[in-house]
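**Q** Chains A and B are the protein sequences, given in the same order. Taking the working numbering, the leading residue of the first sequence gets 177, the next gets one more, and so forth. Taking the working numbering, the leading residue of the second sequence gets 177, the next gets one more, and so forth.
The hints are simulated quantities; they were obtained by calculation from the structure and are not laboratory data. Mixed in with the good hints there might be a few duds.
Because identical chains share one entry, a pair is satisfied inside a single copy or across any pair of copies.
[Unchecked claim] Computed list of lysine-lysine pairs in DSSO-like fashion (alpha-carbon distance at most 30 Å, straight line):
{"no.": "1", "residue 1": "421", "residue 2": "434"}
{"no.": "2", "residue 1": "209", "residue 2": "246"}
{"no.": "3", "residue 1": "882", "residue 2": "246"}
{"no.": "4", "residue 1": "233", "residue 2": "593"}
{"no.": "5", "residue 1": "830", "residue 2": "776"}
{"no.": "6", "residue 1": "370", "residue 2": "548"}
{"no.": "7", "residue 1": "222", "residue 2": "538"}
{"no.": "8", "residue 1": "407", "residue 2": "233"}
{"no.": "9", "residue 1": "649", "residue 2": "709"}
{"no.": "10", "residue 1": "370", "residue 2": "643"}
{"no.": "11", "residue 1": "776", "residue 2": "741"}
{"no.": "12", "residue 1": "773", "residue 2": "737"}
{"no.": "13", "residue 1": "776", "residue 2": "730"}
{"no.": "14", "residue 1": "222", "residue 2": "593"}
{"no.": "15", "residue 1": "855", "residue 2": "830"}
{"no.": "16", "residue 1": "563", "residue 2": "222"}
{"no.": "17", "residue 1": "402", "residue 2": "538"}
{"no.": "18", "residue 1": "370", "residue 2": "563"}
{"no.": "19", "residue 1": "652", "residue 2": "538"}
{"no.": "20", "residue 1": "264", "residue 2": "222"}
{"no.": "21", "residue 1": "737", "residue 2": "222"}
{"no.": "22", "residue 1": "472", "residue 2": "855"}
{"no.": "23", "residue 1": "836", "residue 2": "643"}
{"no.": "24", "residue 1": "649", "residue 2": "855"}
Protein chains: 2
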Amino acid sequence: MVNAGVVILEEEIIKEVINMKKKLNLEPMFSPKSITIIGASAGVGKISARPLFLLRKLGYQGTIYPVNAKYTEIEGYPCIQEIEELPKDIDLAIISIRASEVLPTLERLAKRSVKSAVVFSSGFSEAGESGEELQQRLNKFVEETGIPVCGPNSLGFFNLKESVIASFLQLEPSRMDPIAFITQSGAFGTLSYKMLNDMGTGYQYFVSSGNEATVDFFDYVQYFAKQEDIKVIGGYIEGARDLEKMNEAIRLCQHQDKPLILMKVGKSEKGAEAAISHTASLTGDASIYSGFFKQKNVIQVDDEEELIDTVNLFNKAKTSSQRGGVALVTISGGAGIVMADKCEQYGIELAELMPETTSKLKELLPAFASVKNPIDVTAQIMQDLEKLFESIRVTLEDDGVEALVVYNQLGDFLAPKIIPGLSEIAQQTNKTFVVCWAGASEQTKDALFAGGVCWLPTPSRSIRALKNLLHYKRRKGLLPKQDFTVTERLTNRIVMEAFEGITNEYTSKQHLKNYGISVPAGSIVKNVESAVKVAEEIGYPIVLKVLSRQIVHKSDAGVVKVNLKSEDEVRNSFEEILINAGKYNPQVQIEGVVVEKMMKEGLEMMIGSIQDPLFGPCILLGSGGVFVEVLNDTVIRPAPLTMEDAWEMIRSLKGYAVLKGIRGQGPYDIQALAETLVKVSEFCLDQQDWLQELDINPVLVQAAKKGVTALDCLLVGKRTAKHLSYL
Amino acid sequence: MVNAGVVILEEEIIKEVINMKKKLNLEPMFSPKSITIIGASAGVGKISARPLFLLRKLGYQGTIYPVNAKYTEIEGYPCIQEIEELPKDIDLAIISIRASEVLPTLERLAKRSVKSAVVFSSGFSEAGESGEELQQRLNKFVEETGIPVCGPNSLGFFNLKESVIASFLQLEPSRMDPIAFITQSGAFGTLSYKMLNDMGTGYQYFVSSGNEATVDFFDYVQYFAKQEDIKVIGGYIEGARDLEKMNEAIRLCQHQDKPLILMKVGKSEKGAEAAISHTASLTGDASIYSGFFKQKNVIQVDDEEELIDTVNLFNKAKTSSQRGGVALVTISGGAGIVMADKCEQYGIELAELMPETTSKLKELLPAFASVKNPIDVTAQIMQDLEKLFESIRVTLEDDGVEALVVYNQLGDFLAPKIIPGLSEIAQQTNKTFVVCWAGASEQTKDALFAGGVCWLPTPSRSIRALKNLLHYKRRKGLLPKQDFTVTERLTNRIVMEAFEGITNEYTSKQHLKNYGISVPAGSIVKNVESAVKVAEEIGYPIVLKVLSRQIVHKSDAGVVKVNLKSEDEVRNSFEEILINAGKYNPQVQIEGVVVEKMMKEGLEMMIGSIQDPLFGPCILLGSGGVFVEVLNDTVIRPAPLTMEDAWEMIRSLKGYAVLKGIRGQGPYDIQALAETLVKVSEFCLDQQDWLQELDINPVLVQAAKKGVTALDCLLVGKRTAKHLSYL
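The following block holds chain A by itself, in its conformation from the complex (with noise of 0.2 Å):
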């Protein structure tokens, strides 16, 4: 629907399409097969010895070469004094050294065609005013040449399965798992590979991005997505710095079938200022990231072991397709209550086991075992341990089982007995198989990894990573097909007419009315007889309104009547309201009066749009009345939303209950608010070179098929824009 005041911005695709950015290549930084290390020195602990201290004890295959002007010769190597002797083309550089000499440095190796770089050296945006122009030269530098660089003030990063270690992780890593880590706090990192390998369990990729020059979190996140041999990536993150490359990031994840799993922090206000002081992250709003998360599948978890136990699952346990319960097998009682109680909290269905299931374990059972799931096999079974092997398998078998959770604990004596009998069950099964085996000893967790078993250590651990493992699945199926990228939305982009105001409501109905957003029927009129002619045209009741923008809070100013019923209603109340707005306001411009269709029945509610700084505009819906202002009962998700955004973002309302209908009112036209959601999502799209914020509110949801109107419309353009009281 192209109208007058709309024109289709060409030049303005084509400048965004030569603005993506290039592509930066980071096989050189993670795959060495040179690498030299700038500022080297001899020993074990110092930064600038640390590297190399690491390179040789995990036994790098590549060439190494020390540059430092100080030394002839650093643990054997022979030590280069210039840059300048380097060979050429050398795959990675390690700079270590003081902030004010990290350009000169860089340009003096881009002429040895080095091909990319790590900077351990802080100084930088994290460091206030000086630091942000050495970190914008930087940017500038990597932008230009193509040479990417980790870091700044980064701890660096590994790739153990080439033995390649650029870091001075003050940890010796060695457990190696197919799972690639991306963190921008470097100590987090450094305690979740720590909390990690206490799990038995390592990294392959380990990034710490640290004030992330050009190359950021999500270039790493495509980086290993496109690693055949990572199987779960998993990361820290203060805040995103580009939208697209994230969206590209996540894409590639879900078309590789890798899970990605974060723990996104800065959700509180004083969260978010210690994150712009630590590493100058644009740290966006938590609950827009939790809603785009949750759109593109990507896993948030909430605290440090939550994120090591769901990285364990994802990188140990099956994925079926098979869809069920889940099966709860202990040998406690209590353990037993305690995950049924967690399976309750997280919305998990316990299997209901087939009666063939059931008396298969009674015959294997003891009498005072419980064959009701949790099942209850009590420690007897240790003394027979055919029966436990025969349990599991009896109840993995069962059709209505997903996952099957086994709970031992301590008798570590007793690992050498069980645990092969436990591999061939995880072996065989191709569901998901997690032994929670609490206090077991480094040696029962490594024979248990060893033999391909999904370890975790507590029973709340268990079913709180199990949980991310089973929603993961089902989100999966309601991705939409494809995913609506941005070139595409460029073809079809419409642009009205930048305005900087606030826009009438009249007028900014109208452009609803342009997406196919019903408004009701009316018209602006400027004096009493055509306000009458339009009642009679559109029929009574209806609502009169009086425009004008000194006056923002119609109903408060008394310039709005509602309900009128007749030709004699419609005269009264003409001239009322005109009286009244020149009450309010004895300059008032008053710029007509609307004659509006009268709308009562159905649900009001809200639909409103903001520029996030990051994500660009997003959509909020809010339920109505006091949902919205006791409950704060909104959601609110990044343009563009698909039909199946807007009908996960309803069901994700309290309200969400009214719509479908509760003491005899309802149900609601759902289907028409999800349309409309899609529709306000296109109209913020297209229009957000000058909109910042769209308030539609109410919104009226009529009866089911009856449709969605909306009543009243508020467009704020960015200059004007101040921040709308409902975020």
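Knowing the structure of chain A, use the given hints to seat chain B on it.
**A** Frame of chain A, contents of chain B only:
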């Protein structure tokens, strides 16, 4: 207020007082000077061998008498052949024999005046019908002899301070802190002990209460609360058996200022099912327990790790009278953000630092550190530890700081330098001081504990535990000065005549009125003339309702007419509702027509009551309308309610915001609502012998200072009761 239908049941009071359970003396159990082991055997691992092995290992100083007809000597102890050969007055008997042998053995032991016993044997109430009978006989034995028995089906107990262990625990307890732990699941108890040990702490007292033959969970709580050397009491509980004991135990904990930290399981239906089949506990409704624990300032934790972390924190950290916010001092910006996020999530305030503190920190710390809370001292501070200590001291001295968490990670090599400084700070401050040293080695943890420092393992877990301590302190201030004891309640007990059916609305409301609860002015009439007369007396508008036992849903039957404004309307409506009643049910028996003052200005809510098998009358408060229907916005607490309880209940509702006033509606009379809750609580307690359910729905909360009126009321006698749909 005593009226015709009411009698004071003095006999019943007396009966109840007499029935108060005999106090059992647990002293010989936990501090025995002599122990006999019935069915003892030699070795390390077997259940029958384990107690002797552990007693020797721990170096028990009392006398041990193994009893087993098969041996003459066990592990160097002369073995006694028959119980009858035992000396008299042995303090404790450990019984590890077949279930069927337990009672005869106990009887023989009783003849030798044994003072207490622990029974490991299973095959009692957890094992179905035959076991249940054995259990009953065992309970009776305890009641009649006054010999306390721990178990049956118990893992046993220990008291490390006196090297007493009467357990077949597979661990060898060693670490000991002033902590007592009671568990209804032996396996869970063992796990918690292992987890706590891994954190460098241990229980002094541990008891697995098993099937609780008369001596139950709260008997142990009472005993431990009285031990001067015990600081913290923790537990795993599936259900309580005796409200009076529980109340008394909790009161004692409060009185002794001993925090009681419980993990209550069996929230889910499935979980509860498992609980019953596991230790045959009476698992009550989870929400009632939660309400009760809040009321009593019992700390309820959500999972295994929160349990041990919270126990650890209460054990090691100080709880001063200082009020304020939490200060975070970290070497990692990331950890600071994570902790700040968690503070927000749990409703803990971050301390706003005083300008003096900030300037002192600025002097101490490098330019790139963050001197705002969370304070990022940066990892560099490790090179000048005095500055770290001084930063902590300066921050602790800030008047706005109530608690301080220092975050550090790894770097155990620095422990010898850091820990003395942290210990000194911990000893000097009177504020809550926590060191979260993530990835600390065993040695580091031990050194921290030895230095009196409270250590916690991760940023998220530190804040989760800390919130329990801070909330505990705040609630302590809110506890009523004097508890409403059972005896006090009984002395003014007033009971209506038992009523086994469903009372009609009018009668129900008269009962409420007798307890000082407002109901609309009105009367019950038999004919239209009386109706008009009453209407004129009370003033229009009025409501008419037909009273009949055959008509439960009056509105549906068309026998209610509201907002009648004149004599004519009353006459017409009177006729109409009688006709409708006849149409609804041709055999209808009409008890009369209620003429009532029409009340409409206010907020509709609901108050209800059910009889819980354990807690007795519990009072439910629910928001009105969509809040209760869509959100289940209700809160339930056992009677008696104090005014503080009532206020807390009201404040805990989402609908509290509505009561306080929104959108120009309200505020409403919250004080009167609280008073009404207390009156309902008194009513339900007084009538508990016959009253099963009560439903005041709606109750109209009028504008501030205008009161609260019960618009409708239903009372259900015990024999008739079915569960109301709102539970």
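**Q** Honestly, which of those hints from before does the structure not fit?
**A** Of the numbered hints, 3, 9, 17, 19 and 21 do not hold.
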